[in-house]
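Colleague: Listed below, chain by chain, are the residues.
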Amino acid sequence: MAKQYETVIGLEVHVELSTKTKIFCGCSTAFGGAPNTHTCPVCTGMPGSLPVLNKQVLEYAIAVGLATECAITQYSKFDRKNYFYPDNPQNYQISQLYLPICRNGKVEIETEVGSKTIGIHEIHMEEDAGKLIHDEWEECSLVDYNRSGVPLIEIVSEPDMRSAQEVIAYLEKLRLTLQYLGVSDCKLQEGSMRADVNLSVREAGAKEFGTRTEMKNLNSFRAIKRAVENERERQIDLLEAGDEIIQETRRWDDNKGESYAMRSKEDAQDYRYFPDPDLVPIQVSDEWIVQIKERQPEMRAEKITRYKKEYDIPEYDIEIITSSKHMADIFEKTTVLCGQPKKAANWLMVETLRLLKENGMEPEDIRFSPENLAKLIGLTEEKVINSSVAKEVFEIMFDTNIDPQLYIEEKGLKTVNDEDALRRTIEAVIGANPQSVEDYRSGKEKAIGYLVGQTMKAMHGKAEPGMVNKLLKELL
Amino acid sequence: MDILQWTALELAAAIKRKEVTVMDAAAAVLDSIESREGRYNCYITVDREGALKKAEDIQRKIDSGELTGPLAGVPMAIKDNMCTEGILTTCASKILGNFVPVFSSEAVLNLEKAGALMIGKTNMDEFAMGSTTETSAYGETKNPWDENRVPGGSSGGSAAAVAAQECFFALGSDTGGSIRQPASYCGVVGLKPTYGTVSRYGLIAYGSSLDQIGPISKDVADCAAILEAIASHDEKDSTSVARDTDFADALTEDVKGMKIGVPKDYFGEGLDGEVKEAVLKAAQVLRDKGAMVEEFDLSLAEYAIPAYYAIAAAEASSNLERFDGIKYGHRAQEYDGLHSMYKKSRSEGFGAEVKRRIMLGSFVLSSGYYDAYYLKALKVKALIKKAFDEAFSKYDLILGPVAPTTAPGLGESLADPIKMYLGDIYTISVNLAGLPAISVPCGIDSKGLPIGLQLIGDCFQEKKIIQAAYTYEKARGVFGTPTIENEEK
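Going line by line, the protein sequences match chains A and B. Under the working numbering, the first residue of the first sequence carries the number 1, and numbering increases by one thereafter. Under the working numbering, the first residue of the second sequence carries the number 1, and numbering increases by one thereafter.
Bear in mind the hints are in silico, worked out from the structure with no lab data behind them. Keep in mind that this is a model prediction, so the values were computed, not measured. Among the clues, some could well be false.
To be verified - For lysine-lysine, the following BS3-like pairs were computed, each having C-alpha atoms within a straight-line distance of at most 25 Å:
| no. | chain 1 | residue 1 | chain 2 | residue 2 |
| --- | --- | --- | --- | --- |
| 1 | B | Lys386 | A | Lys77 |
| 2 | B | Lys385 | B | Lys463 |
| 3 | A | Lys131 | B | Lys344 |
| 4 | B | Lys379 | A | Lys77 |
| 5 | B | Lys236 | A | Lys81 |
Next up, chain B with everything else stripped away, as it sits in the complex (with noise of 0.2 Å):
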């Protein structure tokens, strides 16, 4: 019996009828991070003394009838730019390298009354700016299909920790696709939620308008779990909303009659072929289990990307102010006036990637550029809206790859941050669009890695997806774990 190969919703049925207890679980998961934490750095911060208390008070929980849900006792991680009271949490920056928030996130709150057990803190891009989580200043996590690739990003250790096993489930935050193409790259599901969805408080805000917290699992039917668990009308949270959260209901194998919109541009140049492939035969799945699926145009996916940065950019140039060594996270030891201090606090905190896009936002909101870039950039954003609106009023769901190429090797995107921006463009345009979208495991390329699909939904849709996924997942069967493969060879 080996329960780390269990998917959330297996562990905890089997908690329930008392075959494992939480602290098994707990131990299991804790033992996995110590032999493979050497070989991916999945987590900037594991609360090993922490999750065994909590254990056996969950434990406790369940033995009393108090805690009755679908995810009591399941270890999970948690990505590092989301709050935990009295546990580190540093956005992967040098800046927060010392940060101990006095409260925890909504979404982490909301899992911990459903009971699960959180295990540690994630690794990611820097204040999520990055595809690669190369970019964290607590080194970058390793593909666990290939430790000499990216696991992708910026939701990468997340992403890498359900795929090695270190934890059942976890947490990601995406603003471009910081969710779904890690999940693509480390073959397990992830979902980004429609904006509002999930509250962002306690979320360390990237893009403001972007910004959703969304499961990565190793299951459709674990993702509607977790989901169903984190989404809550907040009113600590201006952009929360009240809606329907029942998405486990949509756990049915049935695309019977529902229509399937595949954009011909998200096929044309810079897709890599065995992607493509993968994620035809994905839609011819689902055209055989009865969906009515048919290609049409969507265009304005090329004036997605430079909109994106430029809105992310700005509202991440003003989010990341409040990071001035005056209340909390790393000062300068030596400066000469208050002025000195901020540069000198900053210029050591922040790394390059996240310089960058402070000095990209600051230009395209400074006088003179605002209507330029800005605002041109905000009637993009209503554009594509408009764009997806109609092609909504035609279809259920529109269906497309993840990301143009499998997982690339370490180092190779920081070389060229322009190409690494443009790898963004699949996953992009739902974010300006609000839209919720699930990134499900459709196949493996040639060099051993998986290749994911990407199915979008009309706003608070996510059970038509959620239905649309889980089908496909059944047709497909099961998709390998890389660790298992790995250790066992």
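Okay, chain A solo, but in the shape it has when bound (with noise of 0.2 Å):
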């Protein structure tokens, strides 16, 4: 019989934190900028210049911090961690290594056999690196800082996960708490989340752990899954011929489904650290961080308690909605303005899901606004517009979160409750379907289903059916 064996792996998830500012300059963290914008004399390393640390930057970090249950450290340091490359302008990251702001975490994740707990050894912040461009017409690379000294965590696990299905679940669990805590939008495609996998194989049963392996630029949950899989199969393959697992960083290509060797450990660079000279060593009052703990928002788990509590939807909708904190506030926001929660939670759970699907997005690129959604809903309820033409104005807005109350004056697509017009076209609708109005006198109800229908194209969809069906009642 062929070998167990078990994969051991714990990650190491960069996270940008959503600042206005970068972490130690007032320079913007906006994207898009044209190249070298949003720079300044600190973001660029230009001699002389100082670094001052953003108070946003260490306030998030402790607040994720207590959100994973650490221990935030109340004498903490920024360390330089040196070596040279351009795109980071000193040639040092400002980083911590000796005295990482929390230890000694946790977060609960749910897996097929029930729940488990997955540690987080310690999270720090550091700078982000600017971006190299290379031109290959001019045989040159050009840099851009924009993105130098963009603040980041790196929340570092503990070797606690065991399939990609758990590292899965365990991100998931991750960007939520962050996303609810406001922290950052942990869009791992535009690179505000990025993971690095740590992964070795060890025999089912033994105690050591086996040599692991880091693989780096994994750009989409899917990515690290197949490279956790594909790894844990390259490291079992190696293992079976006798072969020994070098201890190496390695990239992930997800086009070819396979990683290569990028640096062994004896390639590795000594940084040496040290705490930087040009900071002053943090300290954080037990006030601070008890007003961090009551400013922290509502998490996931409460909401879900809440909404049980406050609002009559099903249980399985209250699941979907929470699952995407953006969701969430779109929901709240909506149902505050048009006090009608079981109909958001419609427009969301049917309309807004299907779409999303058929477009390829996440939760996260909803664009229409609460504003718009409560309008719309509030239009249905006083009948100004009927449900389908609803599901038609909706799936406008859905794209460009038109406001649909200048939306269907503008198309024309109100309801017509003036009663004598409807009358004469139900009048003109019965004259030409002598048949129908035959069949349902006779006592074949189901023929009304028909009339109505006529009588709706002919009102362009703009009539409200209970209003034609009493009507047409009435007349027959």
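Two chains, two separate frames, one set of hints: put the complex together.
Modeller: Structure, rendered in structure tokens:
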């Protein structure tokens, strides 16, 4: 019988914090500026410039630490990680090695066999690097320092995960936690959340860990899942063939579905870490920790409990809606505006999820505003438009966040409430469809459906079906 | 009327009284530079046109009552490791030979706000690494008291420029004695403030935890006025502190009851006899003026030098990484790929002493040696601070020499770097403990070279230092200036 192997996985997750300004200067963190426009002497490493810590970064890092049950390091420091690369303007990255801001935390994940605790080894703060652009035509490289100095936290887990499923569950949990805290949008594709996977295998039951590799360049949950499975197999194959696993950093190529070695442990640089003398030690008072705790927004579990108490909507809907902070926010704001939690939930659960799926989008990508959704619900409730018009308007709103009120006025989609006009139309429909009239009168109740449809058609969909029914019955 | 002989405060007062104009002062200094630079080489850059234009601007502001401070209209020189917007800032290194900053250092801005007129950028040891100003890529500066001798360093250009009357005052920076020692060698006053008093923003870092900008001046009163102008709490520098800055208020002739400790270990082996005699004589002057002066054991001085060179070199090795030929500064002409470009640019751009300290610093930070060297040095630093804390629980000030000898001859020191490092013995522990200290001229040796007296205070006790130095200076009387003697001979 073949040997059984256990996979041991630990994650280093880099998360870009959504502060307005960079970690050590006042430059904007906004995406999309022309190269080197969100820069200053500090984030371009000009001689004589000095870093000053953005307190918001510290507060966000502490908030993440508290949400993951970490111990907060009340006397913490920044260290310099020294290495030469052009995207790193000082040729050292300001990071934390010796006294990271948070340590010894944990998160609970749900697995197929119940809940499991994943330990957090530490969380530290650091600055992002710039971006190199290789110009193949000119045979040169250009550097854009707009991202240089954007605040990051690195969340280092314990090697507690045993499968790709657990890795994904852990990442999902972290992502939700960070999104609920409002400290990051955590978009893997855009790089605001990046995970490096440390993986080793060992024979089932072994006490010692095997030699691990570190996998980089994982840009989606799918890539992570594939890379974990691929690396597990690669290592098992090596062991089965009697080969040794080399401790190295590997790069995942998602197109090819395989990884290749970047550098081995022997090539590992000596980063010559030491405390950054330009930054004073960080002192975090008990009072401040309490304040941050008190300011902590409602997390998902609390939200679920509250929704169950406050709203009469199915538990399944609550699970889905709260699985995205953005979606939950839309739900709550819409509900406040229109007072119709059930309707709001319905629009999210049915039409929104359908359109997200059709367009290959995430709940985070929802663009329509709660204001507009509330208006649409109001317009439907007041029977200004009927439900099929509402769906039509919603699709437009989903794409471009139009104001439904303005839209239906512009397109003349309002339900006609003029009873006389409707009556005239119905009389005409009755006159034009003697067979159906005959059927209905002879007891075939279903025949009225056809007549309703014909009336709606004649009204260009702008009639209120209930009213059409009532008038039809009356006139028949 | 030779305005060059006036102190900064005397000149500003005369300008205020409309006896001379800012343009007169600028022209006098520029003429002096013209005739003396060939001999002394105090400056790397002289901004003649800019200074003349600025002089008129400042004069207008003085006339309109916009500028009223005690330094308004006074020509000054800035050490070339402080950024000056639009003006070449080289750190006396080839690697920054073409570097023009986009902003000015906070200390320079503060002086400009006070109406001082920058004439140029002074020579120094490359990246402030050295004690002689001989490691400059732009030629050594010569001591105005004896052209065959060094002016000290690293702020040698600043000290020599003040001594040679090529400016009325200058800014230096002090990481291990780089203000006090050249001030001592050149017979001028130099003060290293408490760490955090003057913003380091715009100062191109050598050892960030030790660097501090300070004044080099003709006398103690000028020194107090300059310090008052440059001291500021700057939010751009995390290590900057909010504190009292009314230093000129301490200019009183009174040391009655002041307790001054004289460390026995500062007067042992290695100290030149004439220096010892002059410094002890100065102590006697203060005693005669009513101070209580006594000897005590400070100890630990011998550990200060290795600790200093480990910490300063470690920080420097990292601080100087940004000079890579990518964003600014020297880039090698021919290279093969990125790493070759780094290697060649840095090999060509840095001088021998800088390379030595980068290697030393990289070594003490490397894995496996970090604990044994860097961490141990930090422990020594903490012990030195503790020893000073104990001393200051008993004394208001500590008195001693600035350097073991007067200015050595050109070329003597670099031949034996270890000996040069040992010359920092009396100044270095002050930086490790973050303390303020002044160097005041206290005598001339048989070779005709100035001797400096060092007064060290507890953190934020600059006013005590200034008060004692001022009292001593008044009792001592006028101290000669070298240039005049030489030129009139």
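Colleague: Check each numbered hint against the structure and report the violated ones by number, ascending.
Modeller: Hint check: nothing fails, all pass.
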